Amino acid sequence: MSEPGRILEINGPLVMVELAGVTNGEQVRVGELGLTGEVIGLEESRALIQVYEPTEMLRPGDSVTPLGHPFSVELGPGLLGNIFDGIQRPLAGLMEQGGERIPRGLEVPALDRDRRWRFTPEPGLEAGHEIVGGTVLGRVQESEALEHRILVPPHLHGELLELMPAGEYRLEEPIARLRQPLGGIRELRLYHRWPVRQPRPYRARDDSVLPLLTGQRILDTFFPLLKGGKGAIPGPFGAGKTMLQQQIARWANADVVIYVGCGERGNELVDILESFPKLTDPHSGRPLMERTLLVANTSNMPVVAREASIYVGVTLAEYYRDQGFDVVMVADSTSRWAEALREVAGRLGQMPVEEGYPAYLGSRLAAFYERAGRVRTLGGDLGSVSLIGAVSPPGGDFSEPVTNHTKDIIQTFWALSKALADARHYPAISWSESFSDAVEEAARWWHREVDGRWAERRGQALALLAQAEELQRIINLVGAEALSPAQRWSVEMARTLREGLLQQSALDPVDAYCAPRKQFLLLDLMMRVHEEGLELIGMGAPFSVLAELPLMGQLRRAKSQYGNEQLDQLASLGERFRDQLAQVRERYREQKG
Amino acid sequence: MKQKEYRMATAARTGLLFLKGVPGVAFGDRVAIRDQHGRKRNGQVILASDEVVMVQVFEGTADLSLEETWVRFLEEPFEMPLSPELLGRIFNGIGEPLDDRPPMISRLRRNVNGQPVNPVARAYPREFIQTGISAIDGLNSLVRGQKLPIFSGSGLPHNRLAAQIVRQSRLLGEESRFVVVFAAMGITYADARFFREDFESNGVLGNVVMFINLADDPPIERLILPRTALTVAEYLAFDLDLHVLVVLTDMTYYAEALREVATAKGDVPTRKGYPGYLYSDMAELYERAGRIRNRHGSVTMIPVVSMPSDDITHPIPDLTGYITEGQIVLSRELHNQGIYPPVNIPPSLSRLMKDGIGRDDTREDHPRVASQLYAAYARALEVRNLASIIGAEELPELDRKFLDFADGFEQRFLAQGADEDRSVIETLNLAWELLSLLPADVLTRVTEADLARYHAWDGRKKQEAVE
Ligand SMILES: Nc1ncnc2c1ncn2[C@@H]1O[C@H](COP(=O)(O)OP(=O)(O)OP(=O)(O)O)[C@@H](O)[C@H]1O
Ligand SMILES: [Mg+2]
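Here the protein sequences come in this chain order: A and B.
Okay, so the first sequence: first residue is 1 according to our numbering, each after it adds one.
Okay, so the second sequence: first residue is 594 according to our numbering, each after it adds one.
Hints were generated in silico from the structure; no laboratory data involved.
One or more of the hints may lead you astray.
[Claimed, not checked] The following label-pair restraints were derived from C-beta to C-beta distances:
#1 A/Glu548 / B/Glu1013: 39 to 47 Å
#2 B/Glu1019 / A/Ala359: 23 to 31 Å
#3 A/Val353 / B/Ser747: 42 to 50 Å
#4 A/Val353 / B/Asp1012: 49 to 57 Å
#5 A/Asp114 / B/Lys613: 39 to 47 Å
#6 B/Arg694 / A/Ala419: 36 to 44 Å
#7 B/Gln596 / A/Asp114: 52 to 60 Å
#8 A/Met351 / B/Glu598: 50 to 58 Å
#9 B/Gly1010 / A/Pro277: 29 to 37 Å
#10 A/Ala419 / B/Leu807: 38 to 46 Å
#11 B/Asp1012 / A/Gln583: 52 to 60 Å
#12 A/Glu355 / B/Asp1012: 41 to 49 Å
All of these numbers come straight from a predicted model, not from anything done at the bench.
Think of the CB as a built atom: it goes at the ideal place given N, C-alpha and C, for glycine as much as any other residue.
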């Protein structure tokens, strides 16, 4: 470890230090309080340090101590259900020791050192075996919902000298010993450390694909994301980015959910902390909090820790992926992260290229999203990290740099529209501006598991929505009377699609989560009514007879009327529709005949 | 401790004072400055190195003589003395009295920058505040501990609305009223007097703490004023268990002062010349609203933001909207039609409403009624647009009903007197009266049960069926 250095200059969160022999990325402690910092630049004998805590009352001459290791996180059982700050300090622990307000320089380890975990060694693994990074040494029940696998840290390999028997262990107690090829002996524990800026290794990318199901119709049915995919949610303030991410965090069919609150509101995290323990995961039946982990750097916490929080989150995500789990990480908001980059770049005097952002904005964003993916892990399992980032464009203008770069990188783009949000159409996802590159892959799953007509119905619905938008333009010029009855029917049914299918309130207890089968039944029913209506109009039935069918109101309310367990009743609504339409058909067949 | 006084200023411009060769000065240190006339000014260190120290001077640097400027570093951050005696007092931005009474003295002093609340320590705000204003209570409910700004424009009645909120706000079923922290940044003398007289005529002046920086006061003082005011608000709420309403007006002048200093420092400009840290800087202020677990008091914040050229995408309202828990947007069009309060409903929002209304808080149907009013009004505005092109006579009957609904909604629901204090139940009943102008079939956001109970049109039909 190198010698302590001396502060030369304090400029907000950046501190210039006379400090030789450190490396870029090394963690340091700054000043008497021991504030956490990271070396971000070196120039001759001077190091530039970004400090993750407020720098008030630091002065030139104060000492800075390098810690000899890069900025890293602790990985082991006890992460789930917790909330950490942007540098992985447990917020509950900080409160216990420091009170309601976050004190400076307080060091609390991320994982509880006193807690005992029941460890079960992997059957068949014995002393003498060759083991490599990623090998499962044993298991620990981290929560009812999740069996945590204790892995050999990546980059280590050698001969297993000893594997401890089943029993209760603290984090610091060795559970195995390993002889490394060059002879050194290494004790392995229930946890290890990993530098956050370095992606964790895996054996290979895996291309077999499954949709990430979120129970949100506009996502799953219209703009699907795959497990291991990358998605972005851009939108102006108040359009519903956070609500949508919370919906995904609640309902996605993932094993682990990591929610990173990056530069956003404190109350939004409290909302999760208060509501998740009371909600059940529809897939495992366990309280949601058991599979959830939060990283919080709220907007009033130091700016540069925002930049770190994203990497902390994704490293934790990779760690669970490496255990063979499907992990979803949502980041709210990546724009605040980008602004933290900009802030530091500006203070470093780096040349701004667009709206003050440094030239490397695009490559940093790309490198972050590259950490998503479905992989064959070092241990041979399949695991995935799906990354979903909110983007907060200034003025809601999608042509700004962060939205623009993000759009080039991701596979699924859920564009939120102010107009829809203003009309309280939630989720306010624009069906004309959004896209998904994963429709074909998702279709394979839907056709296999739900219905072979999924892709066809989806395409018809999108076409109807687009057609109705065209027709609406005509209406706005000359009024609805100018349209043919068939066109008016299409406009009417597009409205039904919007209200009865696309709109899905997160606050509606029945409709907040919509199972895939229900999604398809609703879609199919609406499209069928549209088709048959067109046919009847062709037979001479007036538009008003169809529009005033007594069941139309019910069709729009069906999503909230019938829960995921009442699909037979939804099917019987379909039957009743069939009857009503048949009556109309009779009437006009007679008239014609 | 008597600190050394330096006379080493090398440059002074736009509120910044530069000193060379003063070693060991702390970042954020409070600075006392004496100018050539012996007058005192206050400052704070914003860059510290052994070569150069940069000081931000709250009274500005106009007519400072470099040779005759004496600077003392106080070796402490900016602090505000705190005691219950604050109530009823008037201060400037750095906490000096403006009311001819003696300066505050107290052993309890706190750093005006505050310290971020640990999210784990927060309690989610969920207690409905009845403001007596239908546009707010019915559609954009305020809850205790929320930060809900008013987005306005020059000449719009934001002051009247803010004063009405302050005057009428109360919790259902509770006697206790709010105490008020009033922070004026760059507003006119007339506006400041309006508030003062309003507090006075309501006899609440003794429950108000005012911090005043007027349009002709030094702009840089506006950077510290809300911090001082919020330090006081936090003390009243979390030490004295009071419920505090904070009015910050006008955040636009605050942000402009920030830009002025940023430009002088040479910070990289982003949109419209504002520095990239405007978001974080404003968040430091706005996030001081809230509730804390196991504490009785609360800080509820009503910032006023005037939108330059009525542009809601301007960085100041835009970044504010990204931080606050909703916004009440005022409309010039409604104002010109004589509607008060001229709340522009579609872009207005209260994000904390969902947990503060409903069965246990206001009335069971409230969430759905609000959502239905929004949806119906949105559709009615579309129809109105169409009517302006093809004429109302050409519209189908249903559309004409929507037109009637829009008129009724604006003239009866939105519009009310500046002293009219409606209960939330009155507001909801009024909402149903208006929704009853529309057939039940199009009201898909409410339930069948709601319709049976409250929808007059449907109700009458049912009544007939029974008879
Ligand atoms: N799916 C939804 N169902 C019901 N209400 C919604 C939904 N999405 C958004 N809303 C409403 O919109 C409000 C704003 O949503 P949200 O907080 O998610 O916006 P945001 O895009 O994250 O804004 P910001 O960028 O300012 O954080 C919510 O408080 C809620 O009232
Ligand atoms: Mg949000």
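Fill in: Indices of hints not satisfied (ascending)
2, 3, 5, 6, 7, 8 and 9
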